[in-house]
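S.K.: Listed below are the residues making up each chain.
2 protein chains.
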Amino acid sequence: MTNESDESSGNGFALLLTGLSGAGKSSIARHLVEYLQQEAKRRVTLLDGDEVRKHLCAGLGFSREDRMTNVRRLAYVASEVVKHEGIAVCAIIAPYAQSRIAMREMVQRYGRFYEVYVNTPIDVCESRDVKGLYAKARSGEIQLFTGITDPYEAPVQPDLEIDASVGSPLASAHQIVDFLAHISKGRQLFSRR
Amino acid sequence: MTNESDESSGNGFALLLTGLSGAGKSSIARHLVEYLQQEAKRRVTLLDGDEVRKHLCAGLGFSREDRMTNVRRLAYVASEVVKHEGIAVCAIIAPYAQSRIAMREMVQRYGRFYEVYVNTPIDVCESRDVKGLYAKARSGEIQLFTGITDPYEAPVQPDLEIDASVGSPLASAHQIVDFLAHISKGRQLFSRR
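Chains D and A are the protein sequences, given in the same order. Each number in the numbering used here corresponds to the 1-based position in the first sequence with 1 added. Each number in the numbering used here corresponds to the 1-based position in the second sequence with 1 added.
Take the hints with a grain of salt, since some may be wrong.
As the list claims (entries may be wrong) - DSSO-like cross-link-like pairs, simulated, lysine-lysine; straight-line CA separation at most 30 Å:
1) D:132 to D:55
2) D:42 to A:42
3) D:55 to D:42
4) D:55 to D:137
5) A:55 to D:55
6) A:55 to A:132
Everything labelled a hint here was simulated from the structure, so no lab data went into it.
So here's chain D without its partners, still in its complex pose (with noise of 0.2 Å):
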């Protein structure tokens, strides 16, 4: 169906959900993956910012270097699972513009590339709070800590943009399946297996 020479037309694709801490960013992309898996069949790997700091990036920090290379890392295991025709789903703050267009130059040498901006205002994420992290970085606990005192450089042109203050992670999942399989058209969103 595809060879060595036209891999770029692969059925393989990458999305990052970038967005803020406590964004919904990992439900999100729990709830799509599932759906992926389920309904439409296809093989996913899942590469969940927390996750990954605990393997493939354990040892990295917060600042800006690190965090680079933490995308880094992850925009090279999601470009080699793009490269064999999979779906990787990558749910990780991403701060910095830069990082997320090498992520696509990255992944976009075998496949396609979109990016989702689960765009949930910060004052929604600070009142979940769900892991006490923006507490610990307004009492100074946590440095560098993403939209308190490190920059989050919004995307300008997502491929996507959900605002997940409304309606469920289930919800803002399927959006990003409406998303997907109108973006497809004649590609095949669901298995050909």
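For chain D, the structure is supplied; the task is to place chain A on it using the hints.
M.R.: Same frame as chain D, now just chain A:
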């Protein structure tokens, strides 16, 4: 052809080329990857120890713990490649049996795993000393050097053993191809695309 419930019977596999520094792992791996891409029309991810240390594992040293982390990260990427039915060729010293067993377990969740022991005698590796590392290890400039000042736990029951002191890297790569063709039998080594 396959679905999520029998993922482990997929067409993907990982091949670990383990052996001393200078054994010929990288050269053999490059020839093997070329064959698999050009002749078998398969998509292949090459995970070379030296390359991996530059990005995926930047900052890791050569202590037992760091070496194990190094192999674990590479095993993680390899297992994701295999999950998506790709081929991962891993050329890395991987001196500890425990690491190699863990790698096998990670990969076998999704597909096949073969351990190839590139068994080149240390005096041959040292006489080649392509990167000048053995000289530095002997002089003490490099510490914790596998085979000199750090252990290499030779595989007891590798899936394939190659003496790369005999013949060219290309010949060794062909030996691996023959092995794969033999062991694959009903399965497809060549692309079904």
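S.K.: Now, for every hint given, state plainly whether the structure supports it.
M.R.: Taking the hints in turn, this is what the structure says about them:
{"no.": "1", "hint": "D:132 to D:55", "result": "holds, 16 Å"}
{"no.": "2", "hint": "D:42 to A:42", "result": "holds, 24 Å"}
{"no.": "3", "hint": "D:55 to D:42", "result": "holds, 28 Å"}
{"no.": "4", "hint": "D:55 to D:137", "result": "holds, 20 Å"}
{"no.": "5", "hint": "A:55 to D:55", "result": "holds, 19 Å"}
{"no.": "6", "hint": "A:55 to A:132", "result": "holds, 16 Å"}
Checked against the numbered hints given earlier, this structure breaks none of them.
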